[in-house]
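Visitor: The chain contents come next:
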Amino acid sequence: MGKVLTIQPVTRIEGHARISIYLNDDGNVEEAYMSLMSLRGFEKFIEGRPAEEVVRIVTRICGICPWMHHTAANKAVDGCFGVTPTLTGHKLRELLQVMAHINDKILHFFFLAAPDFVLGPDADYSVRNVMGVVKAAPELATRVVKMRQLGQMMIDRFAGKAIHPIAAVVGGFSKPMLESERTRLLKDAQILLDFSLYALDYAKNNVFNKYIDVFRELGVINTGFLGTVDRADGSFRLYDGRQRLMKTDGTFVDFEGDDYLDYIGEHVEPWSYGKMPYAKFWNEGFSLDLDAPKGIYRANTLARINVCDQMATPKAQEALEEFRSEFGRPAQATLLYHYARLIELVYACERIIELLNWEGITDTKVRAKVEPKGGRGVGVVEAPRGTLIHDYTTDENGCIKEANMIVGTTHNIGPMNMSVKQAATSLIKDGNYDETILNKVEMAVRAYDP
Amino acid sequence: MGVTTALEALSSCSGCEIAILNLGEALIPLLTEQIDIVHAPILMDHKYYGQCGDGGKSLQIPEAVIGIVSGGVSNEEHIEVLQEMRKKCKVLIALGSCATQGGIPALMNGQDSEQSFDAIFQTLSTDPGAGRPDRIVPKLLDRIYGLDEKVVIDLQLPGCPPNPAHIAEVIMSVLEDREPVLPTKSVCDTCPTRRQGKGVVDTVKRFVENADFDPNKPISDMRCLLEQGFMCMGPVTLAGCAKRGVPACIEARVPCRGCFGSVRPKGNQLLDMMNALASNGIDCMSVVDRRSIQRFCGAHGNLRPKKKSAVKEV
Chain P
1 MGKVLTIQPV TRIEGHARIS IYLNDDGNVE EAYMSLMSLR GFEKFIEGRP
51 AEEVVRIVTR ICGICPWMHH TAANKAVDGC FGVTPTLTGH KLRELLQVMA
101 HINDKILHFF FLAAPDFVLG PDADYSVRNV MGVVKAAPEL ATRVVKMRQL
151 GQMMIDRFAG KAIHPIAAVV GGFSKPMLES ERTRLLKDAQ ILLDFSLYAL
201 DYAKNNVFNK YIDVFRELGV INTGFLGTVD RADGSFRLYD GRQRLMKTDG
251 TFVDFEGDDY LDYIGEHVEP WSYGKMPYAK FWNEGFSLDL DAPKGIYRAN
301 TLARINVCDQ MATPKAQEAL EEFRSEFGRP AQATLLYHYA RLIELVYACE
351 RIIELLNWEG ITDTKVRAKV EPKGGRGVGV VEAPRGTLIH DYTTDENGCI
401 KEANMIVGTT HNIGPMNMSV KQAATSLIKD GNYDETILNK VEMAVRAYDP
Chain D
1 MGVTTALEAL SSCSGCEIAI LNLGEALIPL LTEQIDIVHA PILMDHKYYG
51 QCGDGGKSLQ IPEAVIGIVS GGVSNEEHIE VLQEMRKKCK VLIALGSCAT
101 QGGIPALMNG QDSEQSFDAI FQTLSTDPGA GRPDRIVPKL LDRIYGLDEK
151 VVIDLQLPGC PPNPAHIAEV IMSVLEDREP VLPTKSVCDT CPTRRQGKGV
201 VDTVKRFVEN ADFDPNKPIS DMRCLLEQGF MCMGPVTLAG CAKRGVPACI
251 EARVPCRGCF GSVRPKGNQL LDMMNALASN GIDCMSVVDR RSIQRFCGAH
301 GNLRPKKKSA VKEV
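Protein chains in written order, with our numbering: chain P, 1 to 450; chain D, 1 to 314.
There's no promise every hint is true.
To be verified - Cross-link-like lysine-lysine pairs, in silico, DSS-like; alpha carbons within 27 Å at most:
#1 D/K150 with D/K205
#2 D/K243 with P/K146
#3 D/K150 with P/K3
#4 D/K205 with P/K365
#5 D/K139 with D/K307
These aren't lab readings, by the way, just hints derived from the structure by calculation.
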């Protein structure tokens, strides 16, 4: 038995992970795993809690995307209590959920991923980070920091808390939007839209073109895709719609969130606390074999961009057309997650402007009448890291009896393991490895923004 | 060159780290002039076992003046990381309510955690026959601990999330070698809502209807949420969440759930809240799921599994 290389912690990602690369006696890769190291047990410890409280507990699953858990949980509890939110309540939830996508994408691309491209994958680890970017490109960095902060503060000012929100409530929203708030948000949203177009342009010229060869090779695997599309016309959606499960060949099946158990299963490996969702619907089982994967699909930005028929907003649609003409549909190259992330950034900015311009957004009927009771509800939204599913059953007092969640990041645990193996196998030969090579293996993971 | 700083996150959600980023533009001078980050998994690439992953079996973190740790302690690796941080850092700061008192993940302390963790691998969507992973992944502890239950902590900064202004204050206090100035009052003491004194409320309502308020008028015009009959933990909770002069949840017209922990040092929010309700003539038994009042402070033995009722002898 040869050496084991332990990349831990996997860095510039949001969760806790470790990569273990097993080399054989000749120094070639025998096996490679990416393990998720944390287990907290939310599904169990929300049992017994009043369901309307759970919407402000499950936010702690992720402090980077708490709005996703907050809104998915609210949808699930609406279902348990048999409530339909008021239209304004529904739109306010969408507005905040889509707004929260904006910060997330700026954070990931510029703070976490950009150091690999602005400073280069082979830069010394002590400078290959956001502090290094600040020194190398101070103007860009200052603008990025300002824009992320603007996005965060738009949410914070209107909804009280940007991190671990409380303003979405069962039946709708906790407070209406004033005209003065709407005007200010609209002005700020326009600034963010301008920035998103600049960001996409910057990335096309300075990252995607420059590293096109790396993009076409690193961590590339062939899988299916899962995302959410508009029920009426198959357009890209983040907050509400039908789920679409696409095969490698581009054929797909659409389903409603309520029926997720017929389409998605979760596989467990003994070396990761994170479960691995797979396409149970395809009836082919589960395998991470690089040449013949079984049941493997991907979620998150590239998946959503692949499954949608078109983007529902004009600038994002332009960007999608350009993307598709170059990379096809479905595009498989892993590093294209970054490109897709910036197309989504443009959509998110355009979408919040649409919502802020909707005539009913300042209506005061923000919450429907709610009565706690027994029932079941499945809430689905697109989180930055993938399709997020909360499934609750309540008892007659409206307290949680049973909960099941499939969290965005987990859809990609299987695929990330494949990408790690692909990258490690193709880069490490005959015992030759170094910091740059190992950072490239991590770059294959970072694209998925776990 | 700034003051060397190491960051770590244990059983956590990254919300504390986002709170640091929410310093906004103040972040740039902080990161480039005032502090020099030598280890921080979310931001930079220092590794535990050497940069090539072949540096031996013992976990290494560089020496630093300031150490900041978020998250509670829930597995064996967390203990190893925390002890290494204590060994290498001069001033160790517990950041956020998980680090200071267990936070939301410590709700698990109210259950038989062995059984619950097994059940996570037997949910509706999980393949039948799966067991709890036991290779590579760290072993879970018997319960979730606050950091000070395992090592000596120099500064405690609670909040879920903590307030960015306080994060800056704590860091600056270390740089300037002085005591930090942090809130000591309760959420109620800093809340501008209108109080009229004891009213007719004798039971506690669930938050399934919105508070009564005029959106066009300032928060100071809204009647206190407790007086409106909602459960609001302002009386027993440490202040600090307010960013614009109003406690954060109240700003959204939503009652407080106690995320900064007890206002009394080492106090018990559940007992204190029950006392506060009782002394105002409110029936404590009307609170559904009283244990969830401890939702942010389940470490330090505050939350334990319910005792199984004794089986009667026949």
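Visitor: Now tell me if each hint is right for this structure.
Guide: Hint by hint, here is what the structure shows:
1. D/K150 with D/K205: 39 Å, violated
2. D/K243 with P/K146: Since the Cα atoms of D/K243 and P/K146 sit roughly 18 Å apart, the hinted pair holds (cutoff 27 Å).
3. D/K150 with P/K3: 34 Å, violated
4. D/K205 with P/K365: 21 Å, holds
5. D/K139 with D/K307: This hinted pair holds, its Cα atoms lying about 25 Å apart.
Comparing the model with each earlier hint shows violations of hints 1, 3; every other hint is respected.
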